[in-house]
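K.L.:
These are the residues of each chain, in order.
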Amino acid sequence: GDALLPAPQSISILSTNMKHFLTWSPVIVQGATVRYSVEFQGEYERDYANGSWIPISECSLTTATVCDITPDISATVAYKLRVRAELGATRSRWGTMKGFFNRVTTSLTPPLLRVLADGHHLLVELADMGPAFQFRLLYWKKGQESRVQQKVMREVSSVVHLDTMEAGAEYCVKAQTHVEAIDRSSSFSPTQCVRAQGDTSVRL
Amino acid sequence: LSMTEIRAGFSAIKANIQSRDPIRSRSILSHPHSLHKVKSSDRCCITHHLFTFYVDKVFKHCRTEDSFVNRKISSIANSFLGARRRLGQCREQNNCVCGEESTEKFKQILANYEGLNVTSAAMKSLGELDILLDWMEKS
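Protein chains in written order, with my numbering: chain A, 1 to 204; chain B, 205 to 343.
The hints are simulated quantities; they were obtained by calculation from the structure and are not laboratory data.
Keep in mind that a hint or two might mislead.
[What the hints assert, rightly or not] Residues from chain B that face chain A, not an exhaustive set, calculated with beta carbons under 10 Å:
no.	residue
1	274
2	278
3	284
4	285
5	311
[Said to hold, decoys possible] The calculated DSS-like cross-link candidates involving lysine-lysine, where the alpha carbons are at most 30 Å apart (straight line), are:
no.	chain 1	residue 1	chain 2	residue 2
6	A	19	A	151
7	B	261	B	243
8	B	241	B	264
9	B	241	B	342
10	A	98	B	218
11	B	241	A	19
12	B	311	A	80
13	B	311	B	241
14	B	261	B	218
15	A	98	A	80
16	B	311	B	218
17	A	151	B	342
18	B	264	A	80
19	A	151	A	141
20	A	141	A	98
21	B	243	A	19
22	B	264	B	342
23	B	311	B	342
24	B	218	B	264
25	B	264	B	311
26	B	241	A	80
Don't be surprised by glycine CBs; every beta carbon is placed ideally from N, CA and C.
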């Protein structure tokens, strides 16, 4: 019965930029392929649905020891996760992750940013991070750090025009992400500076 | 309150849920008057009432044989809990006063709900979620 197959151990969640993965240690049975099934329980299930658990079909009878739980962790409430091992008709007890997981604890990394000067045009490229993310860009003319300008972007198109630069001047940009669903922001990306085309000495 | 995730979850199962509602002639949320007739001063209170209605009465009677649908209902239900918590903060700051109109309107919704058997009423209420979301996002 169940006692022959130990429950999975070291169950934990890796969560970065609102992508959440459940991982566990493999259950080793010599010469056999052990499979695993994962279930989740949100605050609603705990408090209003008799503590019911909901299976994640993509991680039912999987041989992997990782499960993408992102689609199911879609509310900012406390979730519990559990995994069991299965070998033929034999099933282990459930291994339940210690404590709760709330997506508000996801780690947010600064956005990947590329700053370009196209003649007099200050352009930026941002890597798309999914619908949950907004971007906040700060940019300024070097030497005028007190006159920082801001642009907030909800959707990311490939290249964004930030400003028209003065000839020969240097402009700097940095960016952070913001996730409205959890009301948190990443740290800023490293500052990048570019120089506008043209000669600064040309002044009338 | 961002309804984006709730709307995404509902859109994924809307056709499935609405196909389970055989009674087209009746409405839970819109009978006899649309939500749009609610005064703006009563909006917060009606919204909080409706979140509680869905959490306490509706979602638990909507379990289906379809795992994907059940997961999306869980997602919506848990999002409702999060949203209701934020609304609760408004109530604590007395920004969510319940006027006579909202009390009457909510009584009517409960009467509509209790006029059907519980599973039909729950499934119909869930199928009308876009009515609630449209009304919430319109203001």
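K.L.:
Each hint should be assessed against the structure and marked as holding or not.
P.N.:
Here is how each hint holds up against the structure:
| no. | hint | result |
| --- | --- | --- |
| 1 | 274 | holds, 6 Å |
| 2 | 278 | holds, 5 Å |
| 3 | 284 | holds, 8 Å |
| 4 | 285 | holds, 5 Å |
| 5 | 311 | violated, 22 Å |
| 6 | A/19 / A/151 | holds, 25 Å |
| 7 | B/261 / B/243 | holds, 25 Å |
| 8 | B/241 / B/264 | holds, 29 Å |
| 9 | B/241 / B/342 | holds, 12 Å |
| 10 | A/98 / B/218 | violated, 35 Å |
| 11 | B/241 / A/19 | violated, 40 Å |
| 12 | B/311 / A/80 | violated, 35 Å |
| 13 | B/311 / B/241 | holds, 15 Å |
| 14 | B/261 / B/218 | holds, 19 Å |
| 15 | A/98 / A/80 | holds, 8 Å |
| 16 | B/311 / B/218 | holds, 26 Å |
| 17 | A/151 / B/342 | holds, 26 Å |
| 18 | B/264 / A/80 | holds, 19 Å |
| 19 | A/151 / A/141 | holds, 15 Å |
| 20 | A/141 / A/98 | violated, 50 Å |
| 21 | B/243 / A/19 | violated, 40 Å |
| 22 | B/264 / B/342 | holds, 28 Å |
| 23 | B/311 / B/342 | holds, 23 Å |
| 24 | B/218 / B/264 | holds, 17 Å |
| 25 | B/264 / B/311 | holds, 20 Å |
| 26 | B/241 / A/80 | violated, 41 Å |
The earlier numbered hints that this structure contradicts are 5, 10, 11, 12, 20, 21 and 26.
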